[in-house]
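Residue numbering for the sequence shown follows the working numbering, starting at 24 and increasing by one per position.
Because the hints were derived from the structure by calculation, they are not lab data. Heads up, some of the hints might be wrong.
[Unchecked claim] Think about it this way: if two alpha-carbon atoms lie no more than 30 Å apart in a straight line, the pair counts; the simulated DSS-like pairs of lysine-lysine are:
1. K148 - K124
2. K239 - K303
3. K124 - K142
4. K176 - K303
5. K643 - K623
6. K512 - K487
7. K623 - K716
8. K556 - K514
9. K124 - K258
10. K512 - K623
11. K177 - K76
12. K262 - K366
13. K262 - K142
14. K487 - K366
15. K383 - K512
16. K488 - K462
17. K265 - K176
Keep in mind it's a predicted model, so treat the numbers as computed, not measured.
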Amino acid sequence: MPLALSPELQARLAKTMTTKSPIAAPDFDPIDYINRLFPNEQCLANVDPILSKIQNKEQEMSRAAERLTTLSFTQDSQGVEELHEAKKAISELFAKVGEIKQKAAQSESMVQDITQDVKSLDCAKRHLTLSVTALKRLQMLVTAVDQLEVMYKKKQYKDAAQLLQAAFQLLQHFDSYKGVSQISQLSDHIFQLQRQLESSILHEFDNGFQSDGALKTSSWILHDACLVAAVLGDKTKEKVIKRYVDLQLAGYRQIFRPQEEVSQLDNVSRRYAWLKRTLKTCDESHADIFPPEWCVSGRLCMTFCDITRTDLKQVLANSPEPDVKGLLKALQLTIEFEAQLTKRYEKHRTPEGPLFNFEKVISASFQSCLWIYINAEDRALSEMIRNYVDSDARVEDDGSMVVLPSSTDLFYFYRETLVQCARFSTGSSFYDLCQLFTKHLHSYCDTILLGGLTRRSNDPTTAKKLRDTSLALNTSDYCAMTTGQLEDKLKEKIDEEYSERINLDSVKEAFMRAVSACIDDIVRSLESLCDAKLQQMVRIPWGDMDTVGDQSDYVSQLQEDVRALCTVLAKTIANKRYYRTFLDRFAEAFINRYLVQIYKCRPISEIGAEQMLLDTHAIKTLLMDLPTLGSETGPSASFSRLISRGMGRAETILKAVMTPADPVEGFIESYFVLFGDRHVGNFAKLMDIKGIKKPEQQPFLDVFQRRIMQRSDLAEDARILPEVDASQNTTTTHLPHAITTSLSSIASTAGVNPNGLQFAPRLASASPTDVPSSPGGSRATGRLNENFRKLVMTGMAFRKDLQERREQAGSKDRFP
Numbered sequence: 024m025p026l027a028l029s030p031e032l033q034a035r036l037a038k039t040m041t042t043k044s045p046i047a048a049p050d051f052d053p054i055d056y057i058n059r060l061f062p063n064e065q066c067l068a069n070v071d072p073i074l075s076k077i078q079n080k081e082q083e084m085s086r087a088a089e090r091l092t093t094l095s096f097t098q099d100s101q102g103v104e105e106l107h108e109a110k111k112a113i114s115e116l117f118a119k120v121g122e123i124k125q126k127a128a129q130s131e132s133m134v135q136d137i138t139q140d141v142k143s144l145d146c147a148k149r150h151l152t153l154s155v156t157a158l159k160r161l162q163m164l165v166t167a168v169d170q171l172e173v174m175y176k177k178k179q180y181k182d183a184a185q186l187l188q189a190a191f192q193l194l195q196h197f198d199s200y201k202g203v204s205q206i207s208q209l210s211d212h213i214f215q216l217q218r219q220l221e222s223s224i225l226h227e228f229d230n231g232f233q234s235d236g237a238l239k240t241s242s243w244i245l246h247d248a249c250l251v252a253a254v255l256g257d258k259t260k261e262k263v264i265k266r267y268v269d270l271q272l273a274g275y276r277q278i279f280r281p282q283e284e285v286s287q288l289d290n291v292s293r294r295y296a297w298l299k300r301t302l303k304t305c306d307e308s309h310a311d312i313f314p315p316e317w318c319v320s321g322r323l324c325m326t327f328c329d330i331t332r333t334d335l336k337q338v339l340a341n342s343p344e345p346d347v348k349g350l351l352k353a354l355q356l357t358i359e360f361e362a363q364l365t366k367r368y369e370k371h372r373t374p375e376g377p378l379f380n381f382e383k384v385i386s387a388s389f390q391s392c393l394w395i396y397i398n399a400e401d402r403a404l405s406e407m408i409r410n411y412v413d414s415d416a417r418v419e420d421d422g423s424m425v426v427l428p429s430s431t432d433l434f435y436f437y438r439e440t441l442v443q444c445a446r447f448s449t450g451s452s453f454y455d456l457c458q459l460f461t462k463h464l465h466s467y468c469d470t471i472l473l474g475g476l477t478r479r480s481n482d483p484t485t486a487k488k489l490r491d492t493s494l495a496l497n498t499s500d501y502c503a504m505t506t507g508q509l510e511d512k513l514k515e516k517i518d519e520e521y522s523e524r525i526n527l528d529s530v531k532e533a534f535m536r537a538v539s540a541c542i543d544d545i546v547r548s549l550e551s552l553c554d555a556k557l558q559q560m561v562r563i564p565w566g567d568m569d570t571v572g573d574q575s576d577y578v579s580q581l582q583e584d585v586r587a588l589c590t591v592l593a594k595t596i597a598n599k600r601y602y603r604t605f606l607d608r609f610a611e612a613f614i615n616r617y618l619v620q621i622y623k624c625r626p627i628s629e630i631g632a633e634q635m636l637l638d639t640h641a642i643k644t645l646l647m648d649l650p651t652l653g654s655e656t657g658p659s660a661s662f663s664r665l666i667s668r669g670m671g672r673a674e675t676i677l678k679a680v681m682t683p684a685d686p687v688e689g690f691i692e693s694y695f696v697l698f699g700d701r702h703v704g705n706f707a708k709l710m711d712i713k714g715i716k717k718p719e720q721q722p723f724l725d726v727f728q729r730r731i732m733q734r735s736d737l738a739e740d741a742r743i744l745p746e747v748d749a750s751q752n753t754t755t756t757h758l759p760h761a762i763t764t765s766l767s768s769i770a771s772t773a774g775v776n777p778n779g780l781q782f783a784p785r786l787a788s789a790s791p792t793d794v795p796s797s798p799g800g801s802r803a804t805g806r807l808n809e810n811f812r813k814l815v816m817t818g819m820a821f822r823k824d825l826q827e828r829r830e831q832a833g834s835k836d837r838f839p
């Protein structure tokens, strides 16, 4: 037990623990304490008094400790006495507990002696009760079996069902008594009655219907027989249902044998009409026979569908290629029939789902023959595209047409075909249809869009030709966008296993190549028109001019024709981004040709150069005005830079020509200011344009060579003058983004064969490096790279425009 302290000792301890002496503090620091006592060296003189004080304190604490120790010993002696008294009390308690346990054992022995006879009587009573209950149940079981045998013989199936259920319940109580011979014999007798009852009710169903499925016995007998079948278990119930279904479908099997004429595809509707009549009979005459939860009519329909599917497979396998119309009609009737069955039994469900699934249960037999349908669609599309060549040409254009009518007609046909095929199949046949769509979209692009460019290639440049090409451009753009929507729709409809295989990127790329080819064709057409005007420029005697007048006649004609034709293009091209792309390409190509024509006009006098500079300014103004024909806004900054840079080269050449050749030093200094290069060839070509004859050029060249040695600020080649190709007696330019409008450039961007001018989009995917090299080396490669750049820029513009259209429409699924 804990040591008890006297109040006096507790008070002393509390006083000691609460002392305010810094030495008794828990965090006492002796060094800090000494520093406080002796803050400096002068205080060391007082060390003796302090030491004496500490000794006194020590003696006082020793005396206090002695008093506390004496008090503690006194308290310990008192605690020992109390401990001895407690031990003595515990010993007495243990003795009393032992005595009580002994008396309790004696009492328990007396109670057991008293109740022993009572336990024997209780056990006897319990066994007697169980025996009486077992005997009563046995008596009831025997009585039920005897009555069941009587009911079986009298064919009273309703009462037999109740007795049989009672017998099964009673027999469960005797599972532990199967070793008793009497119980075993009784159990065997019950199972024998089960077999007899099952055989009897099946016999009732065999004899209860006529050959046509009509009843020839009372329906209540068959109803009671079904009650017995329900008690006998699921196996017997399935036998009854199967027996009934087989009896009802016996006539169907006999009539619609696969070898009979009535079983062919053109008579498939008669099969479904037969089932509808049979179901009507079942609903009106046989409804009271079966419990509703059995849903026997649904089982009848499912078995009918299984038989029909097998028959149709055999019919399709044995017959030659069926007529596609007959095949689709039979398939359509089958799909509608399956939908009717699904609707009829949609309420019969289990926790796992519908009790019956009639989707494609018969139409699956047609899947192996859907290639006939796909081939028919292939032939139809091929014929349609061939007819589009003439039908588009016959359409009267009142100016409101935006795309070729054939394109909308084609995608409408695609929509109808897609919806129809989705009803037939969304699996492998639907995937084949997707491949067919891809094939004929390529065909449409080749035959109608690119083929139209081929057919119009030799036509003169007129407003109608450019409008037709612009319509082809709009149609290519529309087809590329609608193809993307078609791809989304196909992925939505097709089975998931085929979804990832749907890819129409090649088609969209083909249409984008067609867009690029249309733009190139328009540029080429305008170039041919401008060539005729620029030929008049070459025939003017620029070296003999002595006066400067108004702009030349060829410039006025050029302005009139180009402005009129570009107005048609601006109104026809729906996507203004493509109109701006056309302007960029045309401006580059025209400036290229114009620089070449300036070189061909040599010699040019100073007055002639002044007149040509005036014409150049008028042409520059014409080019700057072209973007305003397609919109209310002016030219873009990039287009303005293109025109200013290109026409600036022509102005630079003409300003150099206008500089007098005498003095030589002044002429050469003017060249350095205007051209800023040290290229001797360029300087020689400028002298050719100016009309300085070859024998007279040497002094100029000598001074030029001497002066360039003194200049370090000149470029190697400013690339302002066109380059002379002596081997071909033609000129080319160093324009950074020059456009080549030959047939070979169209072939590289749109898949055209330059020899036969036949479009071949399958070869258009070849990279520019795959094109054979031609004389000109790096210049030819540059032209090919430029064509590839144009194609890429056109595609980027299309994708940006498509995104804007989808955002404005608010939905990407515009495809019907």
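Straight-line Cα separation of K556 and K514 no greater than 30 Å?
Outside the cut-off at roughly 54 Å; violated.
For the pair we were handed, K177 and K76, check the Cα-Cα distance against 30 Å.
violated (131 Å)
Please work out if K148 and K124 have their alpha carbons no farther apart than 30 Å.
violated (35 Å)
For a C-alpha distance cap of 30 Å, please report whether K487 and K366 respect it.
Distance of about 58 Å is beyond 30 Å: violated.
Quickly compare the C-alpha distance for K488 and K462 to 30 Å and report which way the hint goes.
Answer holds: K488 to K462 is near 28 Å, not above 30 Å.
Checking one constraint from the list: CA of K239 to CA of K303, max 30 Å. Satisfied?
holds (17 Å)
Within a Cα-Cα threshold of 30 Å, do K383 and K512 meet the stated pairing?
Cα-Cα ~22 Å, so holds.
Between the alpha carbons of K124 and K258, is the straight-line distance 30 Å or under?
It is violated: about 68 Å lies between the C-alpha atoms, which goes past 30 Å.
K124 paired with K142 [C-alpha distance capped at 30 Å]
holds (26 Å)
Is it true that the CA of K262 sits at most 30 Å from the CA of K366?
Satisfied, since the Cα-Cα distance of roughly 27 Å is no more than 30 Å.
Is K643 within 30 Å of K623, Cα to Cα?
holds (20 Å)
Given the hint that K623 pairs with K716, test it: the Cα-Cα distance must not exceed 30 Å.
Status holds; Cα separation ~15 Å.
Against the hints set out earlier in the document, violations occur for numbers 1, 4, 6, 8, 9, 10, 11, 13 and 14.
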